[in-house]
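Undergrad: One letter stands for each residue in the lines below.
4 protein chains.
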Amino acid sequence: MKKPINPIDRSPMIERMKKNLLLDVKRTAVITIDCQRGNLDPKVASLPVPDLECRRVLSGINSLIAIASKIGIPIIHVTSAYEEPLLRAHPFVQAMLSAKESFTPHRQSDYARHKRPGSPEAELMPEIIVRTTDYRIDSKRTFDMFYGTQLEILLRALGVETLLLAGCNTNTCVLSSTFGAYIRNFRVVVLSDCVASAYGEDLHHFSLLNIQRRLGWVITLDELKEKLEIAG
Amino acid sequence: MKKPINPIDRSPMIERMKKNLLLDVKRTAVITIDCQRGNLDPKVASLPVPDLECRRVLSGINSLIAIASKIGIPIIHVTSAYEEPLLRAHPFVQAMLSAKESFTPHRQSDYARHKRPGSPEAELMPEIIVRTTDYRIDSKRTFDMFYGTQLEILLRALGVETLLLAGCNTNTCVLSSTFGAYIRNFRVVVLSDCVASAYGEDLHHFSLLNIQRRLGWVITLDELKEKLEIAG
Amino acid sequence: MKKPINPIDRSPMIERMKKNLLLDVKRTAVITIDCQRGNLDPKVASLPVPDLECRRVLSGINSLIAIASKIGIPIIHVTSAYEEPLLRAHPFVQAMLSAKESFTPHRQSDYARHKRPGSPEAELMPEIIVRTTDYRIDSKRTFDMFYGTQLEILLRALGVETLLLAGCNTNTCVLSSTFGAYIRNFRVVVLSDCVASAYGEDLHHFSLLNIQRRLGWVITLDELKEKLEIAG
Amino acid sequence: MKKPINPIDRSPMIERMKKNLLLDVKRTAVITIDCQRGNLDPKVASLPVPDLECRRVLSGINSLIAIASKIGIPIIHVTSAYEEPLLRAHPFVQAMLSAKESFTPHRQSDYARHKRPGSPEAELMPEIIVRTTDYRIDSKRTFDMFYGTQLEILLRALGVETLLLAGCNTNTCVLSSTFGAYIRNFRVVVLSDCVASAYGEDLHHFSLLNIQRRLGWVITLDELKEKLEIAG
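Chains as they are written, first to last, in my numbering: chain D, 1 to 232; chain E, 1 to 232; chain B, 1 to 232; chain U, 1 to 232.
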């Protein structure tokens, strides 16, 4: 498994799809996923994203929030937490914890204490600017932001069809939530400046490739700004 | 995106996890996903898996079925189909079809006619040996085998906790169904000899890496046989 | 529990709500629920609706189908079946079967053999006229027509917002499906000429009262015809 | 609709089923539903339960909590709230609000301001004694306590199979949640001393009849105490 993997070049298709993408501001929402201290604050993270990546995505997410606020796109912050019985009940998590394996390759994770409700790890990153009109969803208990949460009810009530996704981890919550959005017929646009992974840059990159080639769009903040000027 | 991606080496962790894996035959089921002519029969496939890969996985799946039949593990064949309004309603599919893009890189896909209910493309591959006691689920309408199907009801009634997964495509239905199983607390074991992708070998490999490092187990048929002798 | 229950009179509210109801033919579908021989064919029914009620609703449903066909409203037939492990797995069903209790008050039910997949009991009533363009959903395994079925996917793809409901039993599948529709933001209109119950006329009536007073609309076929002329 | 409805007498079956009911304390949880000021505090209620009924169920629920605490049964408080777009998006709610209809027959409801997140109406009743070890679920946005909430994830992790239900309203959230529990194979036991309705005593009674005859058990607190002594 250690030999390099050569990505197939589908850039012509991807570029044409990007060009065709139109964003209807009235039917779009920004969703941040798991931007919590347990992931993005190197001081307390129980499942740490590498430090440089933390800074990169937090900066990206605040830019995204500024853009959305300016043109009136609703912002929804989705966060997760795990009551103690939940970790014990999961067969894969339980197997990893029993064997004292680290979920993260670059630094030891401490998943047994990952984001208990009310813990510092479960807090939204203090850097993230939250307005009183933003929506908060803290019922997420697993990867997919739709599963066991009120997110779909809220999105349907808001008339939202397109999701601008940001947060972590690219290959777990972001990818699973992209599948969750796809199967419910939402248009998914992932902001590459706003997503990162604790599990390795290889899985981060491949998740974005998988999304571009079969699930939705991956664009930069600069490309988003261009799109919104075109759409506006 | 064309430069090679070097996978992080997590083989020590993966090997230890494999060694620790115990299979309880009474609580295990085989699930085949989308083993249909629209995917695996090169003559009619509207979303074709490469020919050699078709032969590899069909051979693998029949071996898996033989193993499961021998020791009394239930087998569930899940297949998908798309009524015409479904394809038109999906924003990503619609964008791809409007732009006349191919979903598959090695050969042109024909997704607009992909697996209508009752069509030859929607048929289960004739090579696959189905016993009258096997279960059939044909309500799948999107990637995740759980979403909009009776699969979870059936698995809970059977007392199943561990899923042996086979079928296609590794980076879409298999990966999405692995997420679907993980979030519902099932133990997922993907048989590497029994999965393939129409979207490129890179995404096939990445998906297996992602599963091994965060979601479940990926083993060969030989490893499965060993496990079952140990467990038996 | 044997003393009469006096229904509160909310008829002024109900009448005003009926008057205000507008049906958009382009966003409406007819759904028949469990119109199967196991329920409505007195000769083989394992959970029998009283004979006179069978005739009443079958006649009503064929009128409803004729109206819908005439003006191009899509028709979806949802049916249920129970693999043997499903009945054994349910705590209430199991308790009833162990105690040899009848589910139905007027005649002994035979729930242990109720609607196995492929059985005569699971067949759609032969009297019901099905066109090749109608949709069939046979993945239903419990009361709620949405739970574990592809129904919501189909309705969203068709752009349907209003459901005209028919079938049985009023206090179980119809009521549970009405709740299922309500919580997903569909407008529910139950046709009183087209629903019946095997569990007793009291529960049939109260279910309709509950729907009218808190969940949706209950109208006759004559009222439907009037509405459609107004809307047309 | 104003003439009395005579309930069918199924008391012999119901009594036998009650007698057979066994409660496994290790696999049972108490769930309170919507015990909030917007329902049960006559001073601020936007959807008021009649005053005497408020007192009856609050007293009952505190007894239930005392019993559960004593023998170590987990307690889960589920509450609901409605962001403003949610009310506007629902076709039945919207029709009722547009026509200025009251949801409640005995006193005018004020549904347009019903339980906004963070409002006094959304608070759990202060009379209810909550321990730090109790679970809180506040993601409920519609009738069914399972739909769009993390409840099922929590119950599965706790190994719970039997639910002791309390709260309001009997014919909406309690009944819909009973259906939600039934279709997910949970055993439902409703405590008659602990449920009430703002919509009329007739619908309250009918809902309990419907549960007893087809969905689960309805028992008093005294019967519960007896059962738990037997089981203990």
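No wet-lab data here; the hints were simulated from the structure.
Wrong hints could be hidden among the right ones.
Chain copies aren't distinguished; within one or between two, either way the pair holds.
Calculated cross-link-like contacts (lysine-lysine; reagent style DSS-like; alpha-carbon spacing at most 27 Å) [unchecked claim]:
no., residue 1, residue 2
1, Lys70, Lys26
2, Lys100, Lys19
3, Lys100, Lys227
4, Lys26, Lys225
5, Lys70, Lys227
6, Lys100, Lys70
7, Lys19, Lys3
8, Lys227, Lys18
Undergrad: Hint by hint, say whether it matches the structure.
TA: Verification of the supplied hints:
1. Lys70 / Lys26: Intra 13 Å, inter 37 Å, cutoff 27 Å: intra-copy only.
2. Lys100 / Lys19: Between copies only: 14 Å across, 47 Å inside.
3. Lys100 / Lys227: between (46 Å within a copy, 22 Å between copies)
4. Lys26 / Lys225: within (16 Å within a copy, 37 Å between copies)
5. Lys70 / Lys227: Within one copy only: 14 Å inside, 45 Å across.
6. Lys100 / Lys70: neither (46 Å within a copy, 35 Å between copies)
7. Lys19 / Lys3: between (34 Å within a copy, 23 Å between copies)
8. Lys227 / Lys18: within (10 Å within a copy, 46 Å between copies)
The structure fails hint 6 only (numbered hints given earlier).
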